[in-house]
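Asks: Read off the chains here:
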Amino acid sequence: MNSWDTFIYYAAISVICWVAGTIAAFRQKRKTAIVLSVGGSLLFLSFIAVMWSTLGRPPLRTMGETRLWYTFFLSVIGIALYARYRYSWMPAFSTLMATVFICVNILKPEIHSTTLMPALQSPWFVPHVIVYMFSYAMMGAATIFAIYLWMRKTPAEVSDKEYAVCDSLVRVGWVFLTLGMTMGALWAKEAWGDYWTWDPKETWAFATWLSYLLYLHLRPANRDANTLFALLVFSFILLQMCWWGINFLPSAKGASIHVY
Amino acid sequence: MLQQYKQTIIRCICLLLAGAALQFLAGPADATLLAYPWGVIAAVNYLYLLIILSSNREKWQWVQSLYNRREYISSIAAMLLLTLLFGTIRQDGAPDGLFGLLGFTQMKTSWIFILFLFNLMTMLGLRAIEEVRLFRKSRLPITIVHLSFFLILVAAVFGSGDKMRVTVTAVQGEPTDRAVTKDGKVLHLPFTLRLKEFSMDEYPPHIYIYSGGTLTKDYVAIDAETRKGSIGAWQIECIEYIDSAGRMPGDSLYRPMKHVGATTAAYIKATDGTRAVEGWVSCGSHVFPASTIALPDSAMLVMPQREAKRYLSRVEIETDGEKSDYEISVNHPATVGSWKIYQSAYDRTRGKWSTITVLECVKDGWYPIVETAMWIAMAVGVVIFIFGSRLKRKEDEK
Chain A
1 MNSWDTFIYY AAISVICWVA GTIAAFRQKR KTAIVLSVGG SLLFLSFIAV MWSTLGRPPL
61 RTMGETRLWY TFFLSVIGIA LYARYRYSWM PAFSTLMATV FICVNILKPE IHSTTLMPAL
121 QSPWFVPHVI VYMFSYAMMG AATIFAIYLW MRKTPAEVSD KEYAVCDSLV RVGWVFLTLG
181 MTMGALWAKE AWGDYWTWDP KETWAFATWL SYLLYLHLRP ANRDANTLFA LLVFSFILLQ
241 MCWWGINFLP SAKGASIHVY
Chain B
1001 MLQQYKQTII RCICLLLAGA ALQFLAGPAD ATLLAYPWGV IAAVNYLYLL IILSSNREKW
1061 QWVQSLYNRR EYISSIAAML LLTLLFGTIR QDGAPDGLFG LLGFTQMKTS WIFILFLFNL
1121 MTMLGLRAIE EVRLFRKSRL PITIVHLSFF LILVAAVFGS GDKMRVTVTA VQGEPTDRAV
1181 TKDGKVLHLP FTLRLKEFSM DEYPPHIYIY SGGTLTKDYV AIDAETRKGS IGAWQIECIE
1241 YIDSAGRMPG DSLYRPMKHV GATTAAYIKA TDGTRAVEGW VSCGSHVFPA STIALPDSAM
1301 LVMPQREAKR YLSRVEIETD GEKSDYEISV NHPATVGSWK IYQSAYDRTR GKWSTITVLE
1361 CVKDGWYPIV ETAMWIAMAV GVVIFIFGSR LKRKEDEK
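Listed in order, the protein sequences are those of chains A and B. Mapped onto my numbering, the consecutive letters of the first sequence carry residue numbers 1 to 260. Mapped onto my numbering, the consecutive letters of the second sequence carry residue numbers 1001 to 1398.
Keep in mind the hints are simulated off the structure, nothing from the lab. Everything numeric in this text was worked out from a predicted model, so none of it was measured. Here a beta-carbon is modelled for each residue, glycine too, at the ideal position from N, C-alpha and C. Misleading hints may appear alongside valid ones.
Simulated pairs of lysine-lysine, DSS-like, Cα-Cα distance not exceeding 30 Å [unchecked claim]: (1) K1352(B) x K1196(B); (2) K253(A) x K1163(B); (3) K1196(B) x K1323(B); (4) K31(A) x K253(A); (5) K1137(B) x K161(A); (6) K1137(B) x K1163(B); (7) K1228(B) x K1269(B); (8) K1352(B) x K108(A); (9) K108(A) x K1217(B); (10) K1182(B) x K253(A); (11) K1340(B) x K1196(B); (12) K1059(B) x K1163(B); (13) K1108(B) x K253(A); (14) K1182(B) x K1006(B); (15) K1352(B) x K1217(B); (16) K1182(B) x K1196(B); (17) K1228(B) x K108(A); (18) K1108(B) x K1163(B); (19) K1108(B) x K1006(B); (20) K253(A) x K1309(B); (21) K1185(B) x K253(A); (22) K1340(B) x K1258(B); (23) K253(A) x K1228(B); (24) K1352(B) x K1340(B); (25) K1185(B) x K1196(B).
Which chain A residues stay away from chain B? Per the calculated CB distances, all over 12 Å, these [stated by the list, open to error]: (26) F93; (27) L96; (28) V100; (29) L177; (30) T208; (31) L216; (32) L218.
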């Protein structure tokens, strides 16, 4: 039995822990919620560790493998936000999102290959992808939060504290986007001789980066929730294009060396 | 809101028209115009001009207007819009249609794209100089990030004419300095390169079922530990495995063989519960043909060519009469003077027995600036992440 066959067991127990944590959060049992959710995330991380050891390479190559990290970071960020800001709905959203990604992985694992092409065998591989996945999860949390604020009540009622949470998530996410992009550029120079080639993946990564940069520059003098939250949702759509959308984009077909 | 952005929108339209006019009159932008020394001269003049503008901002109304928040927001937004077009339009250089006429089918060389990139760089530069002039300790990380990105853009834009990328195809044992550019132009390198040996590590072979023109998604990997597996309803068992094998003409058996052209072969037993087949399966090489095992319903068991784990060229490079040995593999280029040499390809028909190697030699004199700025940006990024909220608090208190 290879490690992928055991995924469903790890995933099921993790989801049970996260759901129990979510219920505890709604019942204002903060410590229990944190312990249960952290337990779920640690179990999920242990699956990634087993996978790493079984494959003999970091599980970061295929879409299915990157979804594992995304799920893990999303759950961790959900708990962290709950622990820090006490939004009891946050674990519910991160659990829901994490469960969706787990279901996608069960239905469409895309983890068939154990090989790692020479270009991916670099010390930059692990930090580049993990940093990006962490950033994507931060942006995912920012988007959920923005949609929540947008839908909850009239936009004028968004408080300074709520904007500050949103800004912090985007700021940290953007810093990690920058780290991921810079690491990718340094790696590309070592692997292909050029740090930027406007490959479709790079072009969409740059567009995503610019879009969040626009939010960060618009925000200080702007409290127009419609503009800001629409921009955050739009940026997250761009991020999805960059992550997996380009695999289906006619303009990128056969033109990207980032399709695995 | 549109009223507030009126001035910036007019400026963007002017840039768009100027870019379109340049595109029609001059054709796609030619980076070689910035080849040494012109790139350096242009960069020095540009930086000097920025400093002059920056120090006269109070005197000149139009310069003052460039420091408006709306100006840099619009420069980011315009760049975002063009980047989205860049990502959406197929970059095949087709000259037809509106996008083709505007150069958007080869965005990298489109004047409109270059002017807006220049615009973003200038806004960033003015901002960075301003932050250095009115230095505030609490804004140090942001100032450094702005400066780093500005340096990256300056080196990327003004250094674009100095990038050189050529391909060398080296045949084992034969020294060569002949390189070919992307356009097929031949030039001679300042060093001579001789391939001493090409070698390749491969992943274990995979057994698939080939049916209806496609391979199954599932496969069985054969290596020292794994000899069994299943593909769909078929149980696959490897009875004998020869990593380096050959088969003499007329022979039905594969035998171990350490010789040029040796291939990989496995004796496989396959059963689906009711039917059973067995035989040799091999990926073949440029010497030996591949072997497959026929299954019912026109399917067959096949072993595709093994995937490369690592390929490496051992080369001797002679510069000014001095010879040095280098090992070049993917992600491990060699540095010779101002050149970097990358492993690119090999003779795929011969695979690990290839006697030629394809190397790419790259020269980019501006890269050290880009690399330094990227490392600084990363370091500051980490600082912002760790101390972000504290920095923000300090900023708010001011």
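Asks: Is the claim that L177(A) lies outside the interface with chain B correct, judged by CB distances over 12 Å?
Replies: violated, 9 Å
Asks: Starting from K31(A), check that the Cα of K253(A) is at most 30 Å away, please.
Replies: Judged against 30 Å, a Cα distance of about 49 Å means the pair is violated.
Asks: Would the non-interface assignment of L96(A) survive a Cβ cutoff of 12 Å against chain B?
Replies: holds, 27 Å
Asks: Within a Cα-Cα threshold of 30 Å, do K1137(B) and K161(A) meet the stated pairing?
Replies: The hint holds at about 25 Å.
Asks: Below or equal to 30 Å on CA atoms is what counts here, so check K1228(B) against K108(A).
Replies: Within the cut-off at roughly 24 Å; holds.
Asks: Would the pair K1182(B) and K1006(B) pass a check requiring their Cα atoms to be no farther apart than 30 Å?
Replies: Given pair K1182(B), K1006(B) is violated - Cα atoms ~44 Å apart, limit 30 Å.
Asks: Within a Cα-Cα threshold of 30 Å, do K1182(B) and K1196(B) meet the stated pairing?
Replies: holds, 26 Å
Asks: Checking one constraint from the list: CA of K253(A) to CA of K1309(B), max 30 Å. Satisfied?
Replies: holds, 25 Å
Asks: Within 30 Å, alpha carbon to alpha carbon, are K1108(B) and K1163(B)?
Replies: Holds. K1108(B) to K1163(B) sits at ~14 Å (cutoff 30 Å).
Asks: Keeping to a limit of 30 Å between CA atoms, is the pair of K1185(B) and K253(A) held or broken?
Replies: OK: K1185(B) and K253(A) at ~29 Å, within 30 Å.
Asks: K1108(B) and K1006(B): Cα distance at most 30 Å?
Replies: holds, 28 Å
Asks: Check the hint pairing K1352(B) with K1196(B) against an upper bound of 30 Å on the C-alpha distance.
Replies: holds, 14 Å
Checked against the numbered hints above, the structure violates hints 4, 6, 8, 12, 14, 22, 23, 29, 30, 31 and 32; every other hint is satisfied.
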